[in-house]
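Peer 1: Sequence:
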Amino acid sequence: MDEQLDFQRLSSMAYVSPWHFHRLFQALTGETLAERVRRRRLESAAVRLLRSPPLTAIQVALEVGFGSAEVFCRGFKSHFGLTPTQWRQGGFRNWVNERRSELDAVHRHHYHWAVVEDMFQDDEQVRRGLHRVAANPTTVVEVKPLPKMRVAYLRHVGPYGDPAITRLWERFIAWCGSRPLFHRGRAIVGVCHDSPDITLAIQCRYDTCIEVDESFRAQGEIGVQDIRGGLYACTSFKGTTAEFYPAWLRLFAEWLPQSAYQLDDRPAVEMYGDPTLVAPQHGGAVCELCLPVHAL
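Residues in the sequence shown are numbered consecutively from 1, following our numbering.
Honestly, I wouldn't trust all of these hints.
As the list claims (entries may be wrong) - What follows is a set of in silico ranges between Cβ atoms, one per label pair, in the way DEER data are often shown:
no.	residue 1	residue 2	range
1	9	31	32 to 42 Å
2	186	69	43 to 53 Å
3	69	218	31 to 41 Å
4	182	89	17 to 27 Å
5	223	147	19 to 29 Å
These aren't lab readings, by the way, just hints derived from the structure by calculation.
On a predicted model such as this, the values are computed, not experimentally measured, just so you know.
From the three backbone atoms N, C-alpha and C, an ideal C-beta is built for every residue, glycine too.
Build out the structure end to end from the sequences listed, making use of the hints.
Peer 2: See below:
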């Protein structure tokens with residue numbers, strides 16, 4: 001994301017003309033390539049601006065791929081309605097509240113919203129975890145490194161917790177089962193690419209994944225990507241689809257603000273031991289929830 005994208009090279013990789021690539025990309029995503037890249041850079045910057053110790057605007061701008069602080073600040077104000085300084089000083093809370101309202105409309109009948117009644121009370125806590133909730137002594141977290149993984153994936157775009165994700169897992173597990181992909185020790189992973197506190201619910205990306213060899217190539221709607229390794233805060237999860245969100249929130253909002261770590265900009269992942277633990281047909285799962293972190 002911090003690199004300049006060559007439109008000609010991207011279209012040639014897709015074996016189509018630049019004109020056709022542009023039309024296909026916009027039809028599939030609802031955004032032009034330039035709009036997508038700009039939005040993702042700004043959303044990444046929004047998280048980085050809340051880091052401790054604070055980074056300067058030019059540091060953040062360069063990290064996410066902007067050429068100058070002036071262009072970055074102008075783009076940030078256009079997207080979020082706030083300057084980077086206003087965002088840092090607490091303006092981000094209104095934005096996050098709006099994203100929460102979107103999720104509330106989607107999940108009102110699926111999730112236990114009492115768990116978030118105490119959110120947004122302390123600016124410093126919110127800077128590190130975006131929320132604060134009551135302590136839960138049953139949340140056991142291990143901070144550990146996870147390796148880089150090459151995975152085949154099938155993508156959902158839309159609200160996290162949408163029932164469509166369960167159906168996506170059913171399709172993906174069936175596809176994996178029709179090929180010799182299930183091997184002992186091969187990771188099955190759910191990848192949450194976006195923060196629902198920053199990204200619009202309809203634009204959040206979730207991937208169902210299985211670890212594959214370097215020789216594996218994309219096939220139709222099945223893509224291939226590398227998941228970056230690094231340090232993750234991991235906690236065990238066992239429950240239904242409706243219980244995923246409160247479990248993530250406990251890790252993100254309860255443990256993180258009280259820890260010696262802060263959120264990193266890698267995707268959050270769900271690590272499954274074998275395909276039977278996904279259990280979409282029963283609406284439940286057994287996995288590790290892994291939040292990307294780095295030391296303060």
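Peer 1: Hint by hint, say whether it matches the structure.
Peer 2: Evaluation of the provided hints:
Checked against the given bound of 32 to 42 Å, the beta carbons of residue 9 and residue 31, roughly 19 Å apart, lie outside it. Here the CB-CB span from residue 186 to residue 69 is close to 45 Å, well matched to the stated 43 to 53 Å. One distance hint, 31 to 41 Å for the beta-carbon pair residue 69 and residue 218, holds here, with the actual separation near 38 Å. Remark: the range hint 17 to 27 Å for residue 182 to residue 89 is contradicted by a beta-carbon distance near 50 Å.
Look at residue 223 against residue 147: about 20 Å separates their beta carbons, and that is inside 19 to 29 Å.
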